[in-house]
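My request is simple: use the sequences and hints to build the entire structure.
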Amino acid sequence: MCGDAVALTPDQALAVFELLTELRDKIWLCYALDIQQEIQNLNAPTD
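Once you know that position 6 of the sequence shown is 6 in UniProt numbering, the rest is easy, because the numbers rise by one and skip nothing.
Don't take every hint at face value.
As the list claims (entries may be wrong) - Simulated DEER-style distance windows between Cβ atoms:
no.	residue 1	residue 2	range
1	P10	D47	28 to 36 Å
2	N43	T21	31 to 39 Å
3	I35	A7	27 to 35 Å
4	D4	D25	25 to 33 Å
5	Q40	L8	32 to 40 Å
6	D11	D47	50 to 58 Å
Don't read these hints as lab results, they were simulated from the structure. These figures come from a predicted structure and were not determined experimentally. We treat Cβ as the ideally placed atom computed from N, Cα and C, and that holds for glycine.
Here's what the structure looks like:
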């Protein structure tokens with residue numbers, strides 16, 4: 001088992017993985033530019 005993770009069957013783990021992938025893709029479609037800007041802001045050097 002991985003750390004404090006809940007024990008899942010392989011089928012359950014795959015279903016969760018697929019759900020998270022779908023969510024990530026939908027979030028990216030809606031917020032790609034905002035996410036990219038925020039990443040740039042986080043990585044910008046501070047003076």
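Do the hints match the structure? See the list:
Hint check: P10 to D47, Cβ distance near 50 Å, so the stated range 28 to 36 Å is violated. Distance hint check for N43 and T21: the Cβ-Cβ separation is about 25 Å, which falls outside the suggested range of 31 to 39 Å. A beta carbon spacing of about 32 Å between I35 and A7 agrees with the range 27 to 35 Å that was offered as a hint. Here the CB-CB span from D4 to D25 is close to 27 Å, well matched to the stated 25 to 33 Å.
A hinted range of 32 to 40 Å holds for the C-beta pair Q40 and L8, which are about 36 Å apart. The hinted window of 50 to 58 Å between D11 and D47 holds, with their beta carbons roughly 52 Å apart.
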